[in-house]
Structures are given as C-alpha cells and as structure tokens.
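> Sequence lines, in order, name chains A and B.
Start counting the first sequence at 226; every next residue gets the next number (the numbering used here).
Start counting the second sequence at 226; every next residue gets the next number (the numbering used here).
It is worth saying that the hints were derived from the structure and are not from the lab.
Note that the structure is a prediction, hence the values are computed from the model and not measured.
Just to be clear, a hint being listed does not mean it is correct.
Because identical chains share one entry, a pair is satisfied inside a single copy or across any pair of copies.
Each computed EDC-like pair below joins lysine to aspartate or glutamate, with the alpha-carbon atoms no more than 20 Å apart [to be verified]:
hint: 1; residue 1: Lys562; residue 2: Glu463
hint: 2; residue 1: Lys747; residue 2: Asp483
hint: 3; residue 1: Lys366; residue 2: Glu276
hint: 4; residue 1: Lys302; residue 2: Asp263
hint: 5; residue 1: Lys227; residue 2: Glu476
hint: 6; residue 1: Lys622; residue 2: Asp341
hint: 7; residue 1: Lys578; residue 2: Asp558
hint: 8; residue 1: Lys562; residue 2: Glu550
hint: 9; residue 1: Lys622; residue 2: Glu339
hint: 10; residue 1: Lys685; residue 2: Glu550
hint: 11; residue 1: Lys514; residue 2: Glu530
hint: 12; residue 1: Lys622; residue 2: Asp639
hint: 13; residue 1: Lys633; residue 2: Asp471
hint: 14; residue 1: Lys633; residue 2: Asp721
hint: 15; residue 1: Lys562; residue 2: Asp477
hint: 16; residue 1: Lys633; residue 2: Glu682
hint: 17; residue 1: Lys252; residue 2: Asp483
hint: 18; residue 1: Lys366; residue 2: Asp664
hint: 19; residue 1: Lys533; residue 2: Glu360
There are 2 protein chains.
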Amino acid sequence: MKLTLPPLVSAASFQRALAAFERVVGKGWVLATDEDRDAYADIYAPGSENEWPASAAIAPASVEEIQAIVRLANEYKTPLWPTSRGKNLGYGANAPRMPGTVVLDLGRMNRILELDVGLGYCVVEPGVGFFDLYEHLQREKAPLWMSVPGNAWGSVIGNALDHGIGYTPYGLHARNLCGLEAVLPDGDLMRTGMGAMHGNHSWHVFPLSFGPDWTQMFTQSNLGIVTKAGIWLQPEPEATTVLTWDIPNEEDIGWVIDTVTPLKLSGVIDQNVFVPSWLGKLVLKGQRKDFWDRPGAIPPSRVQELLKQHNLGYWQAQVRLYGNEAVNRAKADVVQKAFARHLPTPPTQEHWKLGEPLSQFDITAGIPSAVPLQMSDWVGGRGAHMGFSPVVPASSKHVLGQLQRSRKIIAAHDVDFYASFTVSGRFATNINMLMYDRDNTEQVANIRKLFNALIDETAKAGYGEYRTHLGWMDGVNNTFNFNSHAQRRLNERVKDALDPNGILAPGKQGVWPSVYRDRAGKGGPA
Amino acid sequence: MKLTLPPLVSAASFQRALAAFERVVGKGWVLATDEDRDAYADIYAPGSENEWPASAAIAPASVEEIQAIVRLANEYKTPLWPTSRGKNLGYGANAPRMPGTVVLDLGRMNRILELDVGLGYCVVEPGVGFFDLYEHLQREKAPLWMSVPGNAWGSVIGNALDHGIGYTPYGLHARNLCGLEAVLPDGDLMRTGMGAMHGNHSWHVFPLSFGPDWTQMFTQSNLGIVTKAGIWLQPEPEATTVLTWDIPNEEDIGWVIDTVTPLKLSGVIDQNVFVPSWLGKLVLKGQRKDFWDRPGAIPPSRVQELLKQHNLGYWQAQVRLYGNEAVNRAKADVVQKAFARHLPTPPTQEHWKLGEPLSQFDITAGIPSAVPLQMSDWVGGRGAHMGFSPVVPASSKHVLGQLQRSRKIIAAHDVDFYASFTVSGRFATNINMLMYDRDNTEQVANIRKLFNALIDETAKAGYGEYRTHLGWMDGVNNTFNFNSHAQRRLNERVKDALDPNGILAPGKQGVWPSVYRDRAGKGGPA
Chain A
226 MKLTLPPLVS
236 AASFQRALAA
246 FERVVGKGWV
256 LATDEDRDAY
266 ADIYAPGSEN
276 EWPASAAIAP
286 ASVEEIQAIV
296 RLANEYKTPL
306 WPTSRGKNLG
316 YGANAPRMPG
326 TVVLDLGRMN
336 RILELDVGLG
346 YCVVEPGVGF
356 FDLYEHLQRE
366 KAPLWMSVPG
376 NAWGSVIGNA
386 LDHGIGYTPY
396 GLHARNLCGL
406 EAVLPDGDLM
416 RTGMGAMHGN
426 HSWHVFPLSF
436 GPDWTQMFTQ
446 SNLGIVTKAG
456 IWLQPEPEAT
466 TVLTWDIPNE
476 EDIGWVIDTV
486 TPLKLSGVID
496 QNVFVPSWLG
506 KLVLKGQRKD
516 FWDRPGAIPP
526 SRVQELLKQH
536 NLGYWQAQVR
546 LYGNEAVNRA
556 KADVVQKAFA
566 RHLPTPPTQE
576 HWKLGEPLSQ
586 FDITAGIPSA
596 VPLQMSDWVG
606 GRGAHMGFSP
616 VVPASSKHVL
626 GQLQRSRKII
636 AAHDVDFYAS
646 FTVSGRFATN
656 INMLMYDRDN
666 TEQVANIRKL
676 FNALIDETAK
686 AGYGEYRTHL
696 GWMDGVNNTF
706 NFNSHAQRRL
716 NERVKDALDP
726 NGILAPGKQG
736 VWPSVYRDRA
746 GKGGPA
Chain B
226 MKLTLPPLVS
236 AASFQRALAA
246 FERVVGKGWV
256 LATDEDRDAY
266 ADIYAPGSEN
276 EWPASAAIAP
286 ASVEEIQAIV
296 RLANEYKTPL
306 WPTSRGKNLG
316 YGANAPRMPG
326 TVVLDLGRMN
336 RILELDVGLG
346 YCVVEPGVGF
356 FDLYEHLQRE
366 KAPLWMSVPG
376 NAWGSVIGNA
386 LDHGIGYTPY
396 GLHARNLCGL
406 EAVLPDGDLM
416 RTGMGAMHGN
426 HSWHVFPLSF
436 GPDWTQMFTQ
446 SNLGIVTKAG
456 IWLQPEPEAT
466 TVLTWDIPNE
476 EDIGWVIDTV
486 TPLKLSGVID
496 QNVFVPSWLG
506 KLVLKGQRKD
516 FWDRPGAIPP
526 SRVQELLKQH
536 NLGYWQAQVR
546 LYGNEAVNRA
556 KADVVQKAFA
566 RHLPTPPTQE
576 HWKLGEPLSQ
586 FDITAGIPSA
596 VPLQMSDWVG
606 GRGAHMGFSP
616 VVPASSKHVL
626 GQLQRSRKII
636 AAHDVDFYAS
646 FTVSGRFATN
656 INMLMYDRDN
666 TEQVANIRKL
676 FNALIDETAK
686 AGYGEYRTHL
696 GWMDGVNNTF
706 NFNSHAQRRL
716 NERVKDALDP
726 NGILAPGKQG
736 VWPSVYRDRA
746 GKGGPA
C-alpha cells in the first residue's frame, strides 16, 4: 500500500518523525514500507483496504518507549492508533480510523507479569493473546479458567477494552478489568483504582478507587494507551454440566429469553448464555454454494429443508453450570424444569469432572479457538464478515422486536440472515453476522447500504450498538443523540483537555479531537 | 451557626447570589439563617462543626432548577456541595469540605421514576432513601430485594455514589448503578451508557456505552450532579438459608477469610459476607460504662470475661444463601464442610421460604435499618463515630496484617478496638469504628491523632482507604502517590476542563479545582 500521510503533516516532517521514533525503538521496529502498510490493513475491509490506510507502524517494547513515542508524536503532531494484537476482525482489525495515522503496535509487549491463583487474577501486557494466557495457565497448572470471545486469536486486554463478550460467568470482559496502567496522551503514566497508590496490594482486587475510578474511561477510548491490566479469572470448577436444546422455531427465541433471564438474575445460571441461529452451525459444515447455489438470500423454504437435513433447530440454546457437583445437579433440575414448560424434548446432557479432558473447542470452558472464523468462507472468494451488534433488554418483547426488525431489513437487502443472542443478565447482545466477498463490488456496496439501514432503523426503534466497524463509528456515535449529543460534548471536552494535539486515535468510536474534528463523518461509508 | 462566606465571594455578591437562587427555587427553599446552617453541620464532627460550615443550602425540586442553579453558581462563583439526603454519618454527613460552600440539598427530588420487575431494576432520584424504596417495593408487592448499608437512613443513589457496601449479592453498590443522568458543572445535562441515545430501552440494563462509559466518573466525584440513576435490584429468592458461626479467637479471622474467599469466587456464596468483632454486638446491649468504667481501652482480660458472660465469639461469621431451596441445601453443605475443617461447632441455621415473614432487622435480606447507629452511644455524652476503612486483598496474609497493624495503633492510642471485615470476593473492606464524645476535647484530639496515624501506617504498608471523612480527604488523597500523584493530576485536568470556575464540590475526595487548589490540605485535621 502506498503512503498516505497523516493530515496536516508534511512529507518531510513525517520522515523526521519516523527517524525520531526509530531512535526510540530501534530501526527494525518502525515499519513504513508499502509491504509493512499492507500488514496493517483491515483484511476484512468491506471494500478497499485503502479506505483506512496506516502511514506506518511502530512496535515499542516497553512503557518507557511508549512514553517517549507519545511525547514525540506531540512534537511532530503525528497521530497514533494503538492496537494490542490487531485482531479486531469485523470491526477494523488493526487499521486506524483516520487515514495516515501511525499504528502503535503493542504486540511485542506480551509479558504475563503476575498470576495470583488464590485471588483469581493475572496481570498482563496488551500483546498477550488468549492462546498465550491459556498456554501459560496450562504450563503453570493453575486452576483458573479464562473467558474468551468466539474468535480468540486477539489480545486479552484489547478484547476487554473493546467491550468484548465471552460465554462463561466472566463473560462481560470489560468488567473483568481491575486496575490498569495507562500512558496518557501527554506521555504521563497513571494507574487506576488502588494502583494510584504506589505498591498498593489491592490494585487488582478492588474495582473502584478513592475518588472516581477511571478504568472504564480507557475502554473503547482514545484517552490513554493501556500498558498493563489486571484481569479476573474464574476458579476452575470441580465439575460442570452442559444442557443443550435444539429450539425448533424462529419465534421461540421469545420464550428462550424469558426463560433464561430470570435464571440468570436469580443466580441459577452464572454464564453468558449464547443462542446462535442455525447458520452458525452451517458455516462450519461448508460453503454457501454447498447448500444453495443461486444468488440472493437462502429462501425460507430452503432453510426449513436444511434444518431437517442437518437435524438442526432454528436456534441452539446451551447452558453450562459450573461448580460443586451436587449444586450443579440441583441447578440443572431448576433449569430443565423451566425449559420443559415450553419444550417437551429434554436437553442433551454432558457432565465433566475435574481431571477429565475438555473439548478443545469449548468456548463455555474458556478454551480459546478460532473455529467460528470459518464463517468468512461462507460466500467464497476473499471472504469476510462484519457484525451488526445492537444491545437490547433481555426480554421477549425487545428481543423479538429486534429480531423481526433486523430480519426484515436484511431480507430486503437479499442477504443471508445469521443472528445470535447472548443473554448476559439484564441485557442481550444481538450479533448479526454479515458475510461478503471483498472482491465482489456489488455485494460490498449492498452490505454497506444494509449496514447503514440497520443502524438507522435500530436507533429509531430505541436501541444502540455496543461496538462497530471503523467505517461506521461516526454513524453510530451520531445515534447517541440525547440532549443534542451531550455525551459527545463530554467526550470531546475530556479529549481536548487530555490530548490537546489530538495525537491519540483520532475518531475512535466517533470521538474526534478539536484539531481533526472537521473530519468526523468523513472517510465513512457512502 | 454564623455565616462563613465562600472564599473569594464578597458579602454583597453572596446576597445577590442567594436572591438569584431564590428566583429559581422559591424563597422557602434557600436556607440561610444561623439555624439553617446548623441543620447542615456534621453532627458527628470530630470536634467543632464550625470546621466544615455551610454558608447556606438550596433545595431544588427538578433537574431544570439544578441546571439554573449551576449556571448561576458559575456566574456568582459560588461553590455548591451536592448531597442526596446528607446522611453520610461518620464521613461528614451533609457538611461541605470547603468552608462557606453552599449545600445543594437534593432531598426534595425523591421520586421513584420506574420499577421494572422482570429485569430487576428501578430508576430513582437522589432524594429517595432506602426506607422510601423499601416501602415502595412493599406497597407494589414487587418481588425484588434491595441491598442496604449497615445504617440505611441515607439515599440509595448517594450511598452508591459514595462506594457504599451492603451484605447481599448486590453489595457493591457502585456496581449496581446502571445508566445515570447528571448535570455537568456548566449546567449541561448528560446521560451515561445507552442513555446517551434519546429513548434507548437498554439504558438501565447495559452497564457500558458506545465509547467510554462515564458512570463511574460520577462516583466519589465532583464532576457532576447525579439527578437520576438506574439501580439493579435482586429478584426475591424462593428461599434462603442463614448459617451463623461464633468464631472464638481474634486470629481466627485468618482462616475465616481463607474459607470464605474461595466460596465467594467459585459462586457458592453470592453475598458480601460481614464478619464483625464482638464489640459490634456489645454496642447494641448498652454503653461502655455498663461493661467497663475506667478510662482507656477495655483491657484484653476484661474482653475475655465479656465474651464469656455474653456468650460471644471474638467474631461472628454469617452466610446467607439465596435461591432455590434444593440449590441452597447443596450449597449449605459445601459451606458447612469448609467451615468444619477449622471449627467443630456446627453453625446455627435459619431457613426462610417465600411467604414467611422476615426479621425487620435483617440486613442480609436488604431490609433497611438504623439499629447499628446505636454504637454512637457507646462512649456517652454527645456520642459519634468515624470509620477508618482500608481495602485489603481477601486472604489471611493481608487481613491478619491489617488487623494486627490497626489493633496495635489503636491500642497505642488507648481506644476500644472495634473491627469488622466484609468479604466481597477478591477484596475485603476493613471498617474500624472509632467512637468518641464530641464534647470531650481530649478524646477528640486523641481520635484525630489516631486517625492520622492509621492513614499513614496503613499507606506505608501498601493499603488505602476506600472512603473517608471530610477532614481526611486530602490526607488520604495524598497517599495515592503512584508516579508523583499521577491520578491526582488526571483528576485535576478533567476537573478544570469540566468545571473551570471550580463551582462543584471543591475538595471532594481531595480533588480541588485550580481556583481553590491552594486550599488543599487546609481545613483538615491538625
């Protein structure tokens, strides 16, 4: 990819900045060739990766190097886009929001700094991936389980900072963050929570501070570069019981939600319950052309045939209970009775006890995997996906309304409908996976139009996305319109106070520093 | 109490400000006589209430009135100290940190705006007390339980914002806050989380936002006036089981913590487990003079006699299990086995089922009470208390170290030792109650010296307080010294950006706006 300079930076000044960065990290760790830039493109970009081009990347190895880089970035007015491991697929991978921004690749900072088995936490650097941590826990024979996202090749910290979701009792990853360290946009270094006291022993166990706690300010944020964080881990249970139901009909999601939510709120079910639709199973069995070889969305009649042929429900609901065997048994009984009020077929049951092997693809046991990435192959060609991800209250009224609205809009755009709901207690996240061939111009244009329509119609109905792709960050931010965008005003005031030169991740989640504020809404999708 | 003007405000300007405030709230709701000021004094002040005097109070009835007051406060440079119900006893009640600050009394804003039984939350204004909400739930026959602090005559929102702790599964009150509305220091109105979108249905169910979530920024904070908030409530359980152990010896707290923590982390125990020492029971049975009539701390030999006479353990540990009866039974078995490894005596058991009456003083069932306030009568005279409240990791090493350190310092000051630990999972809060007669100058001077010593020695050992009295906010803030007080620098930068005139709660938690920053450390204890 050819060089796109950062806005407001001349070619000469940019070269001087790169030379200065090299003096900090060493020549090998400033990456600025065309090939380097290709490596920092969004490989799932809906269209050309040139839409969100990085000008270069810098890979520091320490907090001190990051501080030095940030100070130089202020001096040279060079914007930086921090990424942990850059695996945020479907949301932009490691590409920056503003063309020409320099990626600050934290992948080399991959140390596991602390592991406290008794108190159930670790302290990691941003480059630590889920697989790294998993292997470390295995090696140390630490009786702790992780919570992982569906595709777990990314960073533990990066995923938590981006509000990622997992399928264990620790599934709201941002809330597992306890005490973090961040380099501020002026190069200052601070620690949140009890870590604000030098040497405090409670840094990674107490999730508040004396005064306001700033931890959540650094999530989905461009206000600091997180350099380490405490992550809470689940004690390995003595036993688990997995109950799985195939749920026959699309509209059944209503009673499934109304059954699971009270069990979640009353503490019978601890995990986030994932309820994917049939297409989530089919993408693992082959490509679209294996099941339907005509253009346009698979028609409902064919869907019914496929469900029968492959012995699938429209949805699958799976509940895992963790802990003491007798407690699990009593809980399983409560859960089964609740489901039996709606579905006569009993669930399949799987029982696991400490010491027995676990399936290597078991996401509800916190084992990292990238198996579901296979969905990108669904349409063939240079396949990719984007997720449309609104949050709804976990009740049938809201869930059915959301289902019907998305389905209608997606059908109107003649695209395969792949929905899932994850019940996290009082709310459910509804992920609508949209698959496309990046080289099919027509398909890409259609997906982009569809994505715009989904955001608009969903906001009109009173729901918002918890996360989105680079190209739609301004659009989604725009839907947060209470009191003429009061939250945006607050975001911008804090941004300008902490980052007067606007060097940190301009445009992230639609928050622009004053120097680039006129770019909001630009570089997004047509 | 005679008038103390706000700093930098002339008498004439102050009168003009009051007149302007009156035009907003009506004449009756600006309170500025000597008697009015008495009503806003810290009735538990360690010494004279004149140390933290309010100049006046204003009691608005609506968000619009608050916005108008805040704009006027900016115009007249009049600092405001928002209180919800002002019952923050032991931490300053409703008195302001900076002498002459005008109290903004939100007690009239006491509406319960929403109650969602299925999703388990309510939306309340800051003037809603725990008793108000309890009575509302009873009246509506809503199957929801609250979480209340030990003394529950305060505000639901106020307590959560001040990082208050309760003794149910919802005991970390700041984490029950989901979606709040706040008037910013310039009078702007914003909503956090999904509420940042007008009419969003997920405001009070999804605890994050698109972009950074600002909810926690408004806790223990002077960056906004919270005008309403979503509060999560616990679904009424079908049944509960209470297990109570008298724990014989002081050092037994070590194994108690090491027994409770793994049960909390593995999900067997959901609630915050409160472990008070014997004095917590004795303060309810009489005054100090009934048990020991000489000056100075009750000596250890007399303590042993009292424990025998009153049939008390040094500690009491109580565990409540909530939910389905069979699940509770299985859990109770696990808990009993764990305790039996250290203590042969079985616990007393109490079983409750839906439909049966609950004790009116049952804090673990979320029933508000002010019974423990009786401790203020312990020393006689115009009795009061302050709490020294460090947070420690929930393991014997840290808890025993903290116990021994506090005990030694408190004994060296010849003051009765009343400790409790509340195990909230990975951390425990250690409340050390210090009782005194406000009119006994010598006693007060000794308590103040003791408090300073506790803060200093505890910080040296690597622990910090989660909350403190007005007079020690600067002192505790000072102990948060990582990277030469980096958290304070961040607090101050955000403060100055959002509140350039420094009108909102100057000095709260040791955070001072630039205009009053030279006052940090002043007006605190000698």
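> Does each hint fit the structure? Answer for all of them.
Hint by hint, here is what the structure shows:
no. : hint            : verdict
1   : Lys562 / Glu463 : between (24 Å within a copy, 15 Å between copies)
2   : Lys747 / Asp483 : neither (42 Å within a copy, 56 Å between copies)
3   : Lys366 / Glu276 : neither (45 Å within a copy, 57 Å between copies)
4   : Lys302 / Asp263 : neither (23 Å within a copy, 55 Å between copies)
5   : Lys227 / Glu476 : neither (50 Å within a copy, 69 Å between copies)
6   : Lys622 / Asp341 : between (43 Å within a copy, 14 Å between copies)
7   : Lys578 / Asp558 : both (18 Å within a copy, 19 Å between copies)
8   : Lys562 / Glu550 : both (18 Å within a copy, 14 Å between copies)
9   : Lys622 / Glu339 : between (45 Å within a copy, 18 Å between copies)
10  : Lys685 / Glu550 : neither (47 Å within a copy, 44 Å between copies)
11  : Lys514 / Glu530 : within (15 Å within a copy, 84 Å between copies)
12  : Lys622 / Asp639 : neither (26 Å within a copy, 62 Å between copies)
13  : Lys633 / Asp471 : neither (24 Å within a copy, 62 Å between copies)
14  : Lys633 / Asp721 : neither (41 Å within a copy, 48 Å between copies)
15  : Lys562 / Asp477 : within (17 Å within a copy, 42 Å between copies)
16  : Lys633 / Glu682 : within (11 Å within a copy, 65 Å between copies)
17  : Lys252 / Asp483 : neither (58 Å within a copy, 51 Å between copies)
18  : Lys366 / Asp664 : neither (46 Å within a copy, 60 Å between copies)
19  : Lys533 / Glu360 : neither (40 Å within a copy, 54 Å between copies)
Checked against the numbered hints given earlier, the structure breaks hints 2, 3, 4, 5, 10, 12, 13, 14, 17, 18, 19 and satisfies all the rest.
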